[in-house]
Amino acid sequence: MKFLVFVKQIPDPEIPPARFRIDPQTNTVVPPVGSSPVVSLLDELAVEAALRLKDEHGGEVTVVTLCNNPAMNVIKKPLAMGADELVLLQGQAFEGGDAFSTAQALAAAAAKIGDYDLIVCGTQAGDWDNGQVGPCIAEALDIPCITSVGHMEIVDGKIRGERTIGDTTETVEAPLPALVTAGNNVGKARYPKLRDIMAAGRKQPQVWNAQDLGIDHSRVGAAGALTKVRRLYVEESVGECEMIEGETPAEAGEKLALKLREMRII
Amino acid sequence: MENTKNTKRILVVGELADGNVVGIIGELLGVGRRLADALGGELSTVFLGSSIIETAKQAFAQGADSVYAVDDTVLEDYQPELYASVIEKVCKDLAPSVLLLGATPIGRDLAPRLSWRLKSGLASDCVELSIDPETSALIATRPVYGGKALAEVDCGTTLPAMATVRPKSQAALPPDPARTGDVVLLNVYADPAVAKTRVVSKTTAEVKGIRLEDARIVVGGGRGMGSAENWKVLEALAEDLGGAVGATRGACDEGYCDTVFQLGISSKRVAPELYLAVGISGASQHMTGVSFSKHIACINRDASAPIFSEAEFGVVGNWEDVLPAFHRKVKELLSG
Chain A
1 MKFLVFVKQI PDPEIPPARF RIDPQTNTVV PPVGSSPVVS LLDELAVEAA LRLKDEHGGE
61 VTVVTLCNNP AMNVIKKPLA MGADELVLLQ GQAFEGGDAF STAQALAAAA AKIGDYDLIV
121 CGTQAGDWDN GQVGPCIAEA LDIPCITSVG HMEIVDGKIR GERTIGDTTE TVEAPLPALV
181 TAGNNVGKAR YPKLRDIMAA GRKQPQVWNA QDLGIDHSRV GAAGALTKVR RLYVEESVGE
241 CEMIEGETPA EAGEKLALKL REMRII
Chain B
1 MENTKNTKRI LVVGELADGN VVGIIGELLG VGRRLADALG GELSTVFLGS SIIETAKQAF
61 AQGADSVYAV DDTVLEDYQP ELYASVIEKV CKDLAPSVLL LGATPIGRDL APRLSWRLKS
121 GLASDCVELS IDPETSALIA TRPVYGGKAL AEVDCGTTLP AMATVRPKSQ AALPPDPART
181 GDVVLLNVYA DPAVAKTRVV SKTTAEVKGI RLEDARIVVG GGRGMGSAEN WKVLEALAED
241 LGGAVGATRG ACDEGYCDTV FQLGISSKRV APELYLAVGI SGASQHMTGV SFSKHIACIN
301 RDASAPIFSE AEFGVVGNWE DVLPAFHRKV KELLSG
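As they're listed, the protein sequences go chains A and B. If you're matching positions, the first sequence starts at 1 in the numbering used here and goes up one per residue. If you're matching positions, the second sequence starts at 1 in the numbering used here and goes up one per residue.
Pulled out of the complex, with its shape left as it was, chain A reads as follows (with noise of 0.2 Å):
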């Protein structure tokens, strides 16, 4: 089996708001120093569920990721959790692209790395949050694509995984190849040990541009993109947190349910 997975470094999600700052010029987020960024969440769901599709049926896992601004730690992390080959697509070309052109970058590079029997990418990222990538590249190739997926298998050469809509999941079905974005309940990602970060700090990506994709420069990055971000602004602040005090911890909780009530909120 030939698994690709694609993956998004993105600033630190978790960078506190009160250290959130935008750069109105070029409309992106400041990270404050210090803060490293991070494989976006669900993306490292989609190499764990990869993973384990891997563990079971055997094969190679190859992770891709598009970015001009890589810290090889983080990028590396999915081969630290065990895949095989990493992809990384960088160049000029690729800057300020958008859902749609990003999803033309990775069909591109999908169907030059080829014989692909599933791809699995985050079902959003962590920054932008658009969820479009995913099916994007499904259209591109002209595969079957199951969105939000957890729990997944393959049975009879098919995958099945299992989505949520409302109260109701669902086992869709479809044959190979096919995509599947992750979703956040696909379980708990593999912690990397020690020794395979190590072996990962030793491996070097192959890193490819758009002339390497055989794709056109007016298809990828600000030149393929649809849309364009205007402004990027943080919202003024609602206040402070009111803290509701007590002698004791239980006269903390009765406070807060006056409190609630004096606000008529319950």
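Each hint should be verified, as a subset may be incorrect.
Said to hold, decoys possible - Only some residues are given here: those of chain B computed to face chain A with a beta carbon under 8 Å: (1) K119; (2) A149; (3) P174; (4) L333.
Stated by the list, open to error - Per the computed footprint, the stretches of chain A lying under chain B, defined by three or more beta-carbons under 8 Å from a beta-carbon of chain B, are: (5) 16-23; (6) 101-114; (7) 161-167; (8) 258-265.
Worth flagging that the hints you see were computed from the coordinates, not collected in a lab. Bear in mind that the values here come from a model prediction, so they are computed numbers and not experimental data. All C-beta atoms, glycine included, are put in the ideal place defined by N, C-alpha and C.
Assemble chain B onto chain A, guided by the hints.
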């Protein structure tokens, strides 16, 4: 050939459930009405399904100028490629300038596929929409970075411009029973052969009391609850508050709660009057699902937890010490 640049039509992709137009569609027609008026165009909606004509009529009273339907037994249940192919054809026929969907599980699954096929710019999960008076472009505002920032997105010049809209972010119009009309049946072939996936089984979780999405008060629990047994404390509290219980990813991973009730990125989003977070640290992926709550209160033993910077009211303490007294007081206040 029809000039697709100037139809100025706003088209809402309808959703039906249990013989009714779902709530978000009324909200989409509410915001769609404003956009149609700004563009000087028509507000339309299209429903896909089987034997849906009577139900679809409800959309007139909710503000639609015209209501379309593709009525076919093969459209009874949502299937992504099939629905995408039908709506793609409907868009060719009706040539809307703006295409709106709910940011529901179906809308979020369907919209990216349509955006790819139509080569349309799509903004997901928007909380505000407007028309740029200069360019007539669709401008969408959407929360990003777990609700820490807002992005204003220009959906571009390819028509239709597309957006999915966050449930409960828009006001529906007051229903006007005087507005009626005939549903126009569209002769679009729904070809079941395009389907690439099939549903092999379905299970529906038993919902005791109020649905999470409809609840006025949501009690949220995290990994800090410690056990499935302790989880019942939250359920009892929610019941007395007339609310529902939601969970973090951590609590679901530990098996305290069915993942159906998980709140956050890629799972449920709620916007209740009150979100009471118990033993929840406030991770960004969770807050994405609750940040549009009107009021947030929290109980957490760690005063430095991020939840305190998002909450309006906070108590520092172990939930085991705080919650029983809170619950007793709530009962006393609500009975008196």
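Open item on the list: Using the nearest Cβ pair, does L333/B come within less than 8 Å of chain A?
Closed with: At about 5 Å, which falls below the 8 Å cut-off, the nearest Cβ of chain A leaves the hint on L333/B intact, so it holds.
Task: Interface hint compliance - P174/B to chain A, C-beta minimum distance less than 8 Å - done: Nearest chain A Cβ about 24 Å off; hint violated.
Open item on the list: Between the segment 101-114 of chain A and chain B, are there enough contacts, at least three residues with CB-CB distance under 8 Å, for the coverage claim to hold?
Closed with: Result for this restraint: violated, n = 1.
TODO: Between the segment 16-23 of chain A and chain B, see if three or more residues pass the 8 Å beta-carbon test, and mark the coverage as holds or violated.
DONE: holds (count 5)
- [ ] Would you check whether K119/B satisfies its interface hint, that is, whether its CB is within less than 8 Å of any CB in chain A?
- [x] 7 Å, holds
Task: Agreement of hint A149/B with chain A interface, Cβ distance less than 8 Å - done: A149/B check passes; min Cβ-Cβ to chain A is 5 Å, inside 8 Å.
Open item on the list: If you count the residues of the segment 161-167 of chain A with a beta-carbon closer than 8 Å to a beta-carbon of chain B, do you get 3 or more?
Closed with: Contact hint for the segment 161-167 of chain A vs chain B: holds, 5 residues under 8 Å.
TODO: Tell me if chain B covers the segment 258-265 of chain A under the three-residue, 8 Å CB rule, please?
DONE: holds (count 6)
Consistency note: the structure conflicts with the earlier hints numbered 3 and 6.
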